[in-house]
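Given the sequences, and given the hints that come with them, work out the whole structure.
Sequence lines, in order, name chains A and B. Everything in the first sequence is counted per the numbering used here, starting at 48 for the first residue and increasing by one. Everything in the second sequence is counted per the numbering used here, starting at 12 for the first residue and increasing by one.
Mixed in with the good hints there might be a few duds.
Computed list of lysine to aspartate or glutamate pairs in EDC-like fashion (alpha-carbon distance at most 16 Å, straight line) [stated by the list, open to error]:
(1) Lys514/A <-> Asp553/A
(2) Lys438/A <-> Glu269/A
(3) Lys67/A <-> Asp164/B
(4) Lys49/A <-> Asp164/B
(5) Lys459/A <-> Asp496/A
(6) Lys67/A <-> Asp53/A
(7) Lys49/A <-> Asp80/A
(8) Lys338/A <-> Glu302/A
(9) Lys438/A <-> Glu302/A
(10) Lys67/A <-> Asp265/B
(11) Lys482/A <-> Asp447/A
(12) Lys557/A <-> Asp473/A
(13) Lys237/B <-> Asp489/A
(14) Lys459/A <-> Asp265/B
(15) Lys459/A <-> Glu178/B
(16) Lys438/A <-> Glu524/A
(17) Lys459/A <-> Glu491/A
(18) Lys338/A <-> Glu95/A
Okay, the calculated bits of chain B under chain A, using three or more residues with CB under 8 Å as the criterion [stated by the list, open to error]:
(19) 146 to 158
(20) 277 to 286
(21) 315 to 329
No lab work stands behind these hints, which were simulated from the structure alone. Model, not experiment: these values are computed from the prediction. Backbone N, C-alpha and C fix where the C-beta goes; we use that ideal spot for every residue, glycine too.
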Amino acid sequence: MKAFADLLERLAFTPGRNAKLALLERFFREVPDPDRGYALAVLTGGLETGQAKPALLRALVAERVDAELFAMSYDFVGDLAETIALIWPARGPARDVPLAEVVEGLARAGKAEVPGLMARWLDALGPSERLALIKLVTGGLRVGISARLALTGLARIGTVPVEEIGELWAGFTPPYRPLFGWLDGGPRPEVTARAPFRPVMLSTPLTEPDLAGLDPAEFAAEWKWDGIRVQAVAEGGTARLYTRTGEDISAAFPEITAGLRFEGALDGELLVRRGEEVAPFADLQKRLGRKAPGKAMLASHPAALRLYDILIWQGEDLRPLPWSDRRQRLEVAVATLDPARFDASPRLPFSDWEELAALRADPPAAVIEGVMLKRLDSAYVAGRPRGPWFKWKREPMVVDAVILYAQRGHGKRSGFYSDFTFGLWDGDRLVPVGKAYSGFTDEELGKLDRFVRANTIDRFGPVRSLKPALVVEVAFEGLNRSTRHKSGVAMRFPRISRIRWDKPADEADKLTALTDILDEAGA
Amino acid sequence: MPADATRLLTLRPEGLYCPEGDFFIDPVRPVARALITHGHSDHARAGHGAVLASAQTLDIMAIRYGEGFAGSRQAAEGPLTLGGVEVRFHPAGHVLGSCQVEVRAGGVKAVVSGDYSRVPNPACAPFEPVRCDLFVTEATFALPVFHHPPPGDEIARLLASVAAFPERAHLIGAYALGKAQRVIMLLRAAGHDAPIYIHGALERLCDYHLAQGVPLGDLRPATMDKAEARALRGAVVIAPPSAFASPWVQRFADPVIAFASGWMQIRARARQRGVELPLVISDHVDWPDLTRTLRELNPGEFWITHGRDDALMRWAELEQRRARPLHLLGYEDEAE
Ligand SMILES: [Zn+2]
Numbered sequence: 048m049k050a051f052a053d054l055l056e057r058l059a060f061t062p063g064r065n066a067k068l069a070l071l072e073r074f075f076r077e078v079p080d081p082d083r084g085y086a087l088a089v090l091t092g093g094l095e096t097g098q099a100k101p102a103l104l105r106a107l108v109a110e111r112v113d114a115e116l117f118a119m120s121y122d123f124v125g126d127l128a129e130t131i132a133l134i135w136p137a138r139g140p141a142r143d144v145p146l147a148e149v150v151e152g153l154a155r156a157g158k159a160e161v162p163g164l165m166a167r168w169l170d171a172l173g174p175s176e177r178l179a180l181i182k183l184v185t186g187g188l189r190v191g192i193s194a195r196l197a198l199t200g201l202a203r204i205g206t207v208p209v210e211e212i213g214e215l216w217a218g219f220t221p222p223y224r225p226l227f228g229w230l231d232g233g234p235r236p237e238v239t240a241r242a243p244f245r246p247v248m249l250s251t252p253l254t255e256p257d258l259a260g261l262d263p264a265e266f267a268a269e270w271k272w273d274g275i276r277v278q279a280v281a282e283g284g285t286a287r288l289y290t291r292t293g294e295d296i297s298a299a300f301p302e303i304t305a306g307l308r309f310e311g312a313l314d315g316e317l318l319v320r321r322g323e324e325v326a327p328f329a330d331l332q333k334r335l336g337r338k339a340p341g342k343a344m345l346a347s348h349p350a351a352l353r354l355y356d357i358l359i360w361q362g363e364d365l366r367p368l369p370w371s372d373r374r375q376r377l378e379v380a381v382a383t384l385d386p387a388r389f390d391a392s393p394r395l396p397f398s399d400w401e402e403l404a405a406l407r408a409d410p411p412a413a414v415i416e417g418v419m420l421k422r423l424d425s426a427y428v429a430g431r432p433r434g435p436w437f438k439w440k441r442e443p444m445v446v447d448a449v450i451l452y453a454q455r456g457h458g459k460r461s462g463f464y465s466d467f468t469f470g471l472w473d474g475d476r477l478v479p480v481g482k483a484y485s486g487f488t489d490e491e492l493g494k495l496d497r498f499v500r501a502n503t504i505d506r507f508g509p510v511r512s513l514k515p516a517l518v519v520e521v522a523f524e525g526l527n528r529s530t531r532h533k534s535g536v537a538m539r540f541p542r543i544s545r546i547r548w549d550k551p552a553d554e555a556d557k558l559t560a561l562t563d564i565l566d567e568a569g570a
Numbered sequence: 012m013p014a015d016a017t018r019l020l021t022l023r024p025e026g027l028y029c030p031e032g033d034f035f036i037d038p039v040r041p042v043a044r045a046l047i048t049h050g051h052s053d054h055a056r057a058g059h060g061a062v063l064a065s066a067q068t069l070d071i072m073a074i075r076y077g078e079g080f081a082g083s084r085q086a087a088e089g090p091l092t093l094g095g096v097e098v099r100f101h102p103a104g105h106v107l108g109s110c111q112v113e114v115r116a117g118g119v120k121a122v123v124s125g126d127y128s129r130v131p132n133p134a135c136a137p138f139e140p141v142r143c144d145l146f147v148t149e150a151t152f153a154l155p156v157f158h159h160p161p162p163g164d165e166i167a168r169l170l171a172s173v174a175a176f177p178e179r180a181h182l183i184g185a186y187a188l189g190k191a192q193r194v195i196m197l198l199r200a201a202g203h204d205a206p207i208y209i210h211g212a213l214e215r216l217c218d219y220h221l222a223q224g225v226p227l228g229d230l231r232p233a234t235m236d237k238a239e240a241r242a243l244r245g246a247v248v249i250a251p252p253s254a255f256a257s258p259w260v261q262r263f264a265d266p267v268i269a270f271a272s273g274w275m276q277i278r279a280r281a282r283q284r285g286v287e288l289p290l291v292i293s294d295h296v297d298w299p300d301l302t303r304t305l306r307e308l309n310p311g312e313f314w315i316t317h318g319r320d321d322a323l324m325r326w327a328e329l330e331q332r333r334a335r336p337l338h339l340l341g342y343e344d345e346a347e
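Next up, the structure:
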């Protein structure tokens with residue numbers, strides 16, 4: 048538990064991707080089985096949690112600590128699990144409880160035994176391990192890394208590419224002993240699980256100039272839908288829905304899982320669809336937030352699968368076939384499924400790049416992010432090979448915004464103010480609308496840093512409030528309505544596309560520049 | 012207890028005052044006569060008429076404020092008589108030169124502890140428990156969530172990080188008096204013999220520690236240019252917290268930012284500071300040591316100068332101990 052708690056703590060405070068990978072690699076190298084396997088399950092969201100509710104822990108701590116002192120402490124710390132972890136009275140010398148003892152103990156325990164088990168472990172552990180334990184059992188663990196990153200870190204301990212691990216990993220259950228045995232140099236294990244996940248093929252981005260070197264006759268085009276990429280597998284009576292990193296989300300989308308009446312593996316985009324109308328991404332996001340959606344949610348936000356590709360059918364592996372053959376097989380397959388839930392993403396007819404560019408510039412729905420180009424002869428291969436598949440996104444939208452706050456960056460940007468909050472005019476006030484920390488060169492970074500230091504009007508911790516004097520052009524991929532933001536809108540993937548040293552702040556855009564886009568889209 | 016121990020000390024706008032001896036202890040404004048417990052800037056201020064403090068605290072004040080920091084100064088050695096009271100200084104275990112001030116008159120005794128710690132610190136003599144009728148305590152970390160881990164464990168975490176990221180310099184935020192030298196000594200005790208780089212603002216106080224016989228090993232200035240700084244892979248660099256907001260940091264390539272403070276126990280605090288590696292290293296008593304000290308000294312009454320007096324008052328109520336919060340303003344957690 049100690050090594051695991053240490054890892055969680057470092058991951059929580061480490062901003063850099065490479066640093067996170069180094070921490071993960073070190074952990075998987077140094078920690079023995081089965082603890083590292085259970086840790087992998089936790090990091091990838093594959094472990095059952097929620098055996099103890101926060102109320103139970105509060106009751107346990109109330110037997111040990113004065114209520115008033117607890118209330119003052121909670122008020123100061125601000126996080127219930129952390130307060131309990133820190134305030135729990137130490138009992139004698141600490142013992143390190145293996146993660147396996149916790150996971151296996153809870154799996155065996157009846158409900159009535161949980162409080163006693165928890166108290167015993169909390170007594171034995173130190174504060175940071177107690178925090179990990181509490182977060183783990185209450186299901187409140189936010190690791191702050193994706194399953195993909197965890198697997199990438201894991202791949203570094205051996206010589207097996209992460210795509211191959213991804214394929215096998217979902218076929219085993221924690222603590223994944225055969226998988227670790229393989230990475231340590233043992234034989235490749237046989238997958239015994241039903242309906243396993245297969246690694247997904249991804250595209251690379253395309254820009255206008257790249258097109259000159261490509262022959263339109265060699266490519267097929269389809270819309271790029273703004274949902275989430277999924278894989279639907281139904282084999283031997285087992286049906287599962289996976290994200291593109293292999294996370295099992297079957298339970299969150301029961302209407303899809305129930306409709307997987309076939310024998311094979313399909314690739315597509317998960318969307319919220321009402322009749323023919325595909326809903327904005329925000330609607331899907333509501334569904335993603337629910338592990339087990341209620342009836343009302345299922346009725347108001349019905350999910351649908353728009354299929355792109357076919358990997359396995361009736362036991363036959365179609366992945367080596369060219370895309371054009373797979374497309375034919377896909378169309379035959381889709382015809383057997385419920386049309387209310389499943390359809391094939393339409394193929395876009397075009398004869399030259401100008402024609403496709405015109406389609407891309409004016410898509411028929413707001414939830415289309417651009418177009419996909421796929422070589423007609425491309426096999427379905429794991430990972431992100433450059434060449435067979437391209438995504439050609441719509442031109443980003445841009446607004447001119449005023450920088451309001453700046454925060455110091457991390458890693459290579461340590462000491463530089465490089466994370467910016469920007470705002471738009473709402474009457475005579477500037478309302479924050481988003482944050483960006485990319486899109487500028489090293490030279491601009493230095494210039495921005497000097498600007499921040501020279502225009503600071505207030506400081507709170509690492510954040511500086513700035514004189515509204517600098518305009519930046521912010522590019523973004525989409526907009527959602529948001530109740531969490533004061534402005535009522537949330538940008539998707541905002542980044543600074545240009546620094547407008549020349550432009551006075553009062554000429555920046557108004558908030559209505561964004562709300563008009565939303566109104567137009569009917570979102 | 013004799014009810015009149017509390018008459019030994021009273022509260023004035025300038026700070027804690029002893030009427031019979033006509034002096035203040037750690038006043039926050041200039042006064043005619045001040046007794047200073049230790050050199051942290053919230054306790055030791057410039058501009059008093061006469062200052063009585065340990066010889067080391069006087070030296071530290073001179074380093075920080077210049078030789079003319081007070082009209083006159085006197086090093087506290089042995090018992091002294093000031094007006095009608097007897098005064099004695101006892102080690103507080105907080106930083107180099109830190110002392111508690113004992114005030115005795117008419118058969119009753121008060122002890123003003125300043126800031127103190129019960130964890131061994133090779134830079135200073137350990138806290139000396141002095142039985143008294145009135146004990147004046149700090150309450151910086153007076154919440155039961157504060158259990159400072161053994162400092163050696165925190166240094167082990169730092170060294171594990173240096174091993175895990177051998178290409179990155181580790182920049183540690185630590186206050187100039189006490190914390191910086193503590194971190195250096197802990198590193199040395201853990202077998203870290205490599206040169207340690209220190210920010211210019213730490214130089215004079217590190218030199219003073221050396222002069223006082225506190226070994227710090229091979230220290231080098233962290234005032235190199237960008238090219239040299241980028242070459243500092245895996246080195247430990249120590250700087251005062253203020254340096255992290257200045258462009259000084261920019262010379263290092265992809266550093267790990269650490270901070271050594273008791274506050275680092277609280278994640279929100281660590282996040283607020285933008286710290287990648289929080290190190291819980293404190294010069295103050297944590298909750299168990301604070302409550303243990305109060306039980307051990309068992310004074311007839313205790314007063315709380317600054318910090319979380321609400322929680323400590325609640326504890327006193329539960330333990331049926333007589334206590335009073337002073338709500339002294341001007342004592343920051345600056346030095347923690
Ligand atoms: Zn102090």
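We went through each hint and held it up to the structure:
Annotation: proposed proximity of Lys514/A to Asp553/A holds, straight-line Cα distance about 12 Å (limit 16 Å). The hinted pair formed by Lys438/A and Glu269/A meets the criterion: a straight-line CA distance of about 10 Å does not exceed 16 Å. Restraint check for Lys67/A and Asp164/B: the C-alpha separation of about 22 Å exceeds 16 Å, so the hint is violated. For the proposed pair Lys49/A and Asp164/B, the alpha carbon gap of about 12 Å is at most 16 Å, so the pair holds.
A hinted pair counts as satisfied when its Cα atoms are at most 16 Å apart, and Lys459/A with Asp496/A qualifies at roughly 14 Å. For the proposed pair Lys67/A and Asp53/A, the alpha carbon gap of about 13 Å is at most 16 Å, so the pair holds. For a cut-off of 16 Å, the pair hint linking Lys49/A to Asp80/A stands: about 14 Å separates their Cα positions. Of the supplied pair hints, the one linking Lys338/A and Glu302/A holds, its CA atoms being roughly 13 Å apart against a limit of 16 Å.
With a C-alpha separation of about 29 Å, the suggested pairing of Lys438/A with Glu302/A is violated against the 16 Å cut-off. For the given pair, Lys67/A sits about 14 Å from Asp265/B by alpha-carbon distance, which is consistent with the 16 Å threshold. In summary, the hint linking Lys482/A to Asp447/A is supported, as the alpha carbons are separated by about 13 Å, within the 16 Å threshold. Note on Lys557/A and Asp473/A: the hinted pairing holds, with a Cα-Cα distance of about 6 Å set against a maximum of 16 Å.
A C-alpha spacing of about 15 Å is found between Lys237/B and Asp489/A, which places the hinted pair at or below 16 Å, so the restraint holds. Restraint check for Lys459/A and Asp265/B: satisfied, since their Cα atoms lie roughly 4 Å apart, inside the 16 Å limit. Between the alpha carbons of Lys459/A and Glu178/B the distance comes to roughly 12 Å, so the proposed pair stays at or under 16 Å and holds. Restraint check: the Cα-Cα separation between Lys438/A and Glu524/A comes to about 14 Å, which is no more than 16 Å; the hinted pair holds.
Distance hint between Lys459/A and Glu491/A is fulfilled; the C-alpha atoms sit about 14 Å from each other, no more than 16 Å. As the CA atoms of Lys338/A and Glu95/A are separated by approximately 12 Å, the hinted pair is consistent with the 16 Å bound. By the rule of at least three residues with a Cβ nearer than 8 Å to a Cβ of chain A, the coverage given for the segment 146 to 158 of chain B holds, with 5 such residues. Interface restraint, the segment 277 to 286 of chain B with chain A: holds (9 residues with C-beta to C-beta distance below 8 Å; minimum three).
With 6 residues having a Cβ less than 8 Å from any Cβ of chain A, the segment 315 to 329 of chain B passes the three-residue criterion, so the hint holds.
Checked against the numbered hints above, the structure breaks hints 3 and 9 and satisfies the rest.
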